[in-house]
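So the protein lines, in turn, are chains W, X, Z and G. Under my numbering, residues 1 to 359 are what the first sequence spells out, in order. Under my numbering, residues 1001 to 1359 are what the second sequence spells out, in order. Under my numbering, residues 2001 to 2359 are what the third sequence spells out, in order. Under my numbering, residues 3001 to 3359 are what the fourth sequence spells out, in order.
Hints were generated in silico from the structure; no laboratory data involved. Some hints here could point you the wrong way.
Simulated pairs of lysine to aspartate or glutamate, EDC-like, Cα-Cα distance not exceeding 16 Å [claimed, not checked]: (1) X/LYS1316 / W/ASP270; (2) W/LYS305 / X/GLU1260; (3) G/LYS3316 / Z/ASP2270; (4) G/LYS3305 / Z/GLU2260; (5) X/LYS1316 / W/GLU266; (6) G/LYS3316 / Z/ASP2269; (7) X/LYS1316 / W/ASP269; (8) G/LYS3316 / Z/GLU2266; (9) G/LYS3113 / Z/ASP2270; (10) W/LYS275 / X/ASP1309; (11) X/LYS1275 / W/ASP309; (12) Z/LYS2316 / G/ASP3270; (13) Z/LYS2316 / G/ASP3269; (14) W/LYS305 / W/GLU176; (15) Z/LYS2316 / G/GLU3266; (16) X/LYS1305 / W/GLU260; (17) W/LYS316 / X/ASP1309; (18) Z/LYS2113 / G/ASP3270; (19) X/LYS1147 / X/ASP1037.
4 protein chains.
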Amino acid sequence: MGSNSFGEIFVITTYGESHGAGIGVVIDGCPSGIPIDLDFIADELRRRKPGQNRFVTERNEDDLPQITSGIFEGKTTGAPIHIFIKNQDQKPKDYENLQNLFRPSHADFTYQKKYGIRDFAGGGRSSARVTASWVAAGAVAKLLLKKIGVEIIAYVSQIGDISIPENIKIDTELIESDPLRCPDSETSHKMQHLLNLLKEDGDTIGGIITCHIENLPVGLGNPVFHKLHADLGKAILSINACKGFELGSGFSGVAMRGSEHNDAIECIDDRIRTKTNFSGGVQGGISNGMPVYFRAAFKPVSSIKMNQDTIDTDGKAINFSIEGRHDPCVVPRAVPIVEAMAALVVVDHWLMAKGSQFQ
Amino acid sequence: MGSNSFGEIFVITTYGESHGAGIGVVIDGCPSGIPIDLDFIADELRRRKPGQNRFVTERNEDDLPQITSGIFEGKTTGAPIHIFIKNQDQKPKDYENLQNLFRPSHADFTYQKKYGIRDFAGGGRSSARVTASWVAAGAVAKLLLKKIGVEIIAYVSQIGDISIPENIKIDTELIESDPLRCPDSETSHKMQHLLNLLKEDGDTIGGIITCHIENLPVGLGNPVFHKLHADLGKAILSINACKGFELGSGFSGVAMRGSEHNDAIECIDDRIRTKTNFSGGVQGGISNGMPVYFRAAFKPVSSIKMNQDTIDTDGKAINFSIEGRHDPCVVPRAVPIVEAMAALVVVDHWLMAKGSQFQ
Amino acid sequence: MGSNSFGEIFVITTYGESHGAGIGVVIDGCPSGIPIDLDFIADELRRRKPGQNRFVTERNEDDLPQITSGIFEGKTTGAPIHIFIKNQDQKPKDYENLQNLFRPSHADFTYQKKYGIRDFAGGGRSSARVTASWVAAGAVAKLLLKKIGVEIIAYVSQIGDISIPENIKIDTELIESDPLRCPDSETSHKMQHLLNLLKEDGDTIGGIITCHIENLPVGLGNPVFHKLHADLGKAILSINACKGFELGSGFSGVAMRGSEHNDAIECIDDRIRTKTNFSGGVQGGISNGMPVYFRAAFKPVSSIKMNQDTIDTDGKAINFSIEGRHDPCVVPRAVPIVEAMAALVVVDHWLMAKGSQFQ
Amino acid sequence: MGSNSFGEIFVITTYGESHGAGIGVVIDGCPSGIPIDLDFIADELRRRKPGQNRFVTERNEDDLPQITSGIFEGKTTGAPIHIFIKNQDQKPKDYENLQNLFRPSHADFTYQKKYGIRDFAGGGRSSARVTASWVAAGAVAKLLLKKIGVEIIAYVSQIGDISIPENIKIDTELIESDPLRCPDSETSHKMQHLLNLLKEDGDTIGGIITCHIENLPVGLGNPVFHKLHADLGKAILSINACKGFELGSGFSGVAMRGSEHNDAIECIDDRIRTKTNFSGGVQGGISNGMPVYFRAAFKPVSSIKMNQDTIDTDGKAINFSIEGRHDPCVVPRAVPIVEAMAALVVVDHWLMAKGSQFQ
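Bound conformation, chain W alone (with noise of 0.2 Å):
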């Protein structure tokens, strides 16, 4: 399978770049018979824009996602369904000093040593702008995982060492209305604070997202390889400046005893579960019913008003600052690519798992 392909069986096919004519997406493997609402994922699109406020990067990009197949009377047929999004803001210009020099920790030189060219305008490939398509049809496969009831949220969680105080119950209503979609409005203006101060300076900083699974039938994943953890690990680390992932306990689990951390299993009203979380709703790879959580680590975007040292082409030594529109912070802008990303790979393993046994 090509590396623009993500699925076994909802499978994803993504094209375009930063500041071609477009960006799009092939869903193929998608059963007939959804219901598409065209007004849900323009808004899914639109949570991920940027511009949205004073913290993301200002581009008026009008995301308004183009379906050209695979629906027919406002439901999917089992066609492939192919989504185009226009590039509105293509501005190459900007990026014509950039074009003879190494960004440091971007992928200027790695991908002109991959592919022997480069393709200056906007980092090709390597843009966060690709990030719309894989949003757009994460839409489709929450529009399935709504039939079978799973829901998928996530929050900004920190960003520099300001986090969400443990303990502290999340309203995820309040994730939407808030700038950073930090639910507690308290760590949020803290966060706030720091970005404005990082704005001044023209620095960024990184931050973590979480996520949770709600209502994730029983048996989803595998034993061995394509664990559920393992493929929603590779999602989220397959997004733009995400340097972590970690399912349930994850690395504060490691000091932690088996006595502490087992999860005890019950038995209440014929419903089983388990009296903590924190295997974070996997077990030996396979969902048991209970919320899946993770969170996502993200790196301070690269791209700073500050003066940087690094290379030209012929390999001379340059000083050289970024011009320019971009995020202090990237993960308020990254939360709706997690949980897009989490659920084509829960919608992915729906369909693997319908053949599991004999029926």
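Once you have looked at the hints, place chains X, Z and G on chain W.
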């Protein structure tokens, strides 16, 4: 592709249960002409084997690999390589008293729901025993990597809350001689002390493995999906008990500023390198020639000797404890598994990269 | 992989229906550095287009390909190439009177049973219209093959029971100037006469396309699955109305003796070749450097203007006839489709072969 | 996916050479709960085995399958099923005098060029021996098909130019009792006479196998790629010596008119069927519930005892003859292989079809 296979071009397909006749792996897509050193494969399996010291389970598995195809006069032929590892120590009786209950944080419950059966003897495909086949396949991958100069070294960097102090220079020569595969002997002694206490309690603890990949060519990995670190993440998260993965700065990079985290590029003696390496050797999903390094978090082993609450297969609450041989901590034995999975990913990407440019 | 994708490394993913906004294809895995000649792609599409002469359907499809990604300064970049072909001639009304019945030997009945819906307008994904996207992708493959000297040429060798006499030397220069793409003008005249008669009757007829692949390197294909001719067979049998495929001697080789059929090997001026080529250029699934040639059988088109018996969607027997524009014989237009599918297979195998030997 | 694997969901991965320790197959993706009858698998292997009568090679291969995983208490568990078949009759010496030359119409030359080595002993992976593993996997597929009522029956319909007369009613009960698996005894006698003559000459001949698939559910297969008959074609063309495949009317349909070839649809007692079945049970790539039938052409075996011209590995012209045990005609033994490959395709498509509609 089946859920017991891994890889795109260098593909491994695994089979076998912990307590059947044996386990095995078919490696398809290995180029012809790689010298195969059987002793090296056997050594790698010995590194994973239980019973190497008093901190790992004492079963006497004699993991002698039998290669039944794909080798001719000591070299790979291009045909699929089949490696079989006989199970020496089949004691399904140990598990008999467990067959009517669901062990907490094991795959018992999820496996039964997924497949409708209870292959109780040793956990079926969920047993860590199956990773022996990964190590055998990884050893073949390492023999290929040796020919192109790539080296993969992993070690234990944390057990419980005891970790190697930062800024200590790691001497990789010390790893294999340490009973816990921790290259800092002072840290190792503290860890051993902790494990002794846990063993007395019948309890267990988690840990972290750090892995370095050196001399990787520039250009492995892809800009969208099949990013090098996303595939590494998936590979490592497939290892039993692994709950987290981070590349380069990982979760700690979250609190860094872009100006601090960006890896300035320099060119010294015609060799392009970065001054720092917070990126972990991967930029935009593609290797940049710097060392790739990552960390993997392992939860405490679920098999504890202490009393636990759970339910039986009829949903009735019961209390039980697990007898028999179990590790207080899985990470020392997981070191060669981490290396094996990393080797499989690197070889696969090395082969995938062959078609990037027309030549 | 989805059922609208084809290939292992050079992978095409297609979408679009005959009467929607358009059809398209994403080509993933094309190496960077291939010069892309847009006029060549448009020409290939024109060859497949209906309405080129009075024997093929007269719809005026203006199949201008739009490439929206993957090309930079006239060359492939290694990024996925998206080609969109707008539908010019959407007349779903033509099909309105057909929406409540199942046309014999069409996909109406099977499609409805499979997907539970009736995308009646033009047959959904079952329309031959979708092959335009294959031809566009095949044109890109041909541009790569041009760089390595491989040439693919197909022609009509039989219509009804009229076939090119054996032992006639084929002049491939004559193919495109002949209205039926039959390189023997005497045979073509007989075929044209037959088609004129059929057109008057509103009836149709089948035919055979022969295809030659010249200058193929030795070593493409694999010994077990992904044999070169098995992948060619699958590719060609995917073309609408194709019911048979044979390589080299094919069905006529059945009556030959081994002593007659074996292709004796000789070495002339250091070039190894075979005296005969009953094998069709493939031995043990792998190309041997001799011309690969195969024949594909196409059934008569199902859309006839004559009265036919069938049932409506309620199962009631009815009698109907199909109005509108339809070919009396599909094979002249299928010639570029056969070439395109063959080109896709050859490029894919050329890329697959890169990892056969360690080097 | 590797080139020794076949299938999308029900995936087989094969290994082993004709003269190594043995051959084997891993079946991944088989649902749990299928009763596995070991005797049935052994019987299927026995059908493929050489030495069953004087027209097939007389090697005494005792193809007893060993299942080492994936079965628990007589049923599949959902885990991968590994079947190993030991090689009993390793006589690489037979081949010693052939190791320095390229046998005409064998894979010797192409294999050496592809892999750079000469695994001379019996042709490596190119040996027909490897098909025993396909038959073992196909037997598992047949056991699944038995549960859904699908039946697959193949027989010899032509050897040389002797074929079963058209319009003869085939009594499938007679197939296995006939020494050539030809269900018409008069035709079989003529064929036997021909084979006796060829055996005296040390020559060989080709043949045709016809295969019927009965009681297939409607809706298997896909409208674009993974058409049911395209996957069947690929499967059958993967069989050693197979040079042609045709579904339904196949090559003979070329000379038919649409009005004659269209299969009129009727509905009798609420069952929808077609009056004729020139389509061969597949319309638009999807099964329509009518019997699927196809024919496969096999070339004459390349191993003849007569003198042949070829070159040695240095390119020098030489003359040689092949000693030892070889079939005058391969088709009687290929019958169970055709059935096995067809069964694998059908099961794979049955599983693939599970996600077509939302439910």
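Going down the list of hints, with the structure as the test:
A C-alpha spacing of about 10 Å is found between X/LYS1316 and W/ASP270, which places the hinted pair at or below 16 Å, so the restraint holds. A threshold of 16 Å between alpha carbons decides the hint, and for W/LYS305 with X/GLU1260 the separation of about 13 Å falls inside it, so the pair holds. Distance restraint check for G/LYS3316 and Z/ASP2270: the Cα-Cα separation of roughly 10 Å lies within the 16 Å cut-off, and the hinted pair is therefore satisfied. The suggested pairing of G/LYS3305 with Z/GLU2260 holds, with an alpha-carbon distance near 13 Å, which does not exceed 16 Å.
Under the criterion of a C-alpha separation no larger than 16 Å, the hint pairing X/LYS1316 with W/GLU266 is consistent with the structure, at around 8 Å. Note on G/LYS3316 and Z/ASP2269: the hinted pairing holds, with a Cα-Cα distance of about 11 Å set against a maximum of 16 Å. The suggested pairing of X/LYS1316 with W/ASP269 holds, with an alpha-carbon distance near 11 Å, which does not exceed 16 Å. Straight-line distance between C-alpha atoms of G/LYS3316 and Z/GLU2266 comes to about 8 Å, which keeps the hinted pair within the 16 Å bound.
For the hint pairing G/LYS3113 with Z/ASP2270, the CA-to-CA distance comes to about 14 Å; that is within 16 Å, so the pair holds. For the hint pairing W/LYS275 with X/ASP1309, the CA-to-CA distance comes to about 10 Å; that is within 16 Å, so the pair holds. The suggested pairing of X/LYS1275 with W/ASP309 holds, with an alpha-carbon distance near 10 Å, which does not exceed 16 Å. Restraint check: the Cα-Cα separation between Z/LYS2316 and G/ASP3270 comes to about 10 Å, which is no more than 16 Å; the hinted pair holds.
Distance check on the hinted pair: Z/LYS2316 and G/ASP3269 sit about 11 Å apart at the alpha-carbon level, within 16 Å; holds. Between W/LYS305 and W/GLU176 the alpha-carbon distance is near 29 Å, which puts this suggested pair outside the 16 Å criterion. A C-alpha spacing of about 8 Å is found between Z/LYS2316 and G/GLU3266, which places the hinted pair at or below 16 Å, so the restraint holds. As the CA atoms of X/LYS1305 and W/GLU260 are separated by approximately 13 Å, the hinted pair is consistent with the 16 Å bound.
A C-alpha spacing of about 66 Å is found between W/LYS316 and X/ASP1309, which places the hinted pair above 16 Å, so the restraint is violated. The hinted pair formed by Z/LYS2113 and G/ASP3270 meets the criterion: a straight-line CA distance of about 14 Å does not exceed 16 Å. Under the criterion of a C-alpha separation no larger than 16 Å, the hint pairing X/LYS1147 with X/ASP1037 is consistent with the structure, at around 13 Å.
Violated hints, in rising order: 14 and 17; the structure is consistent with all others.
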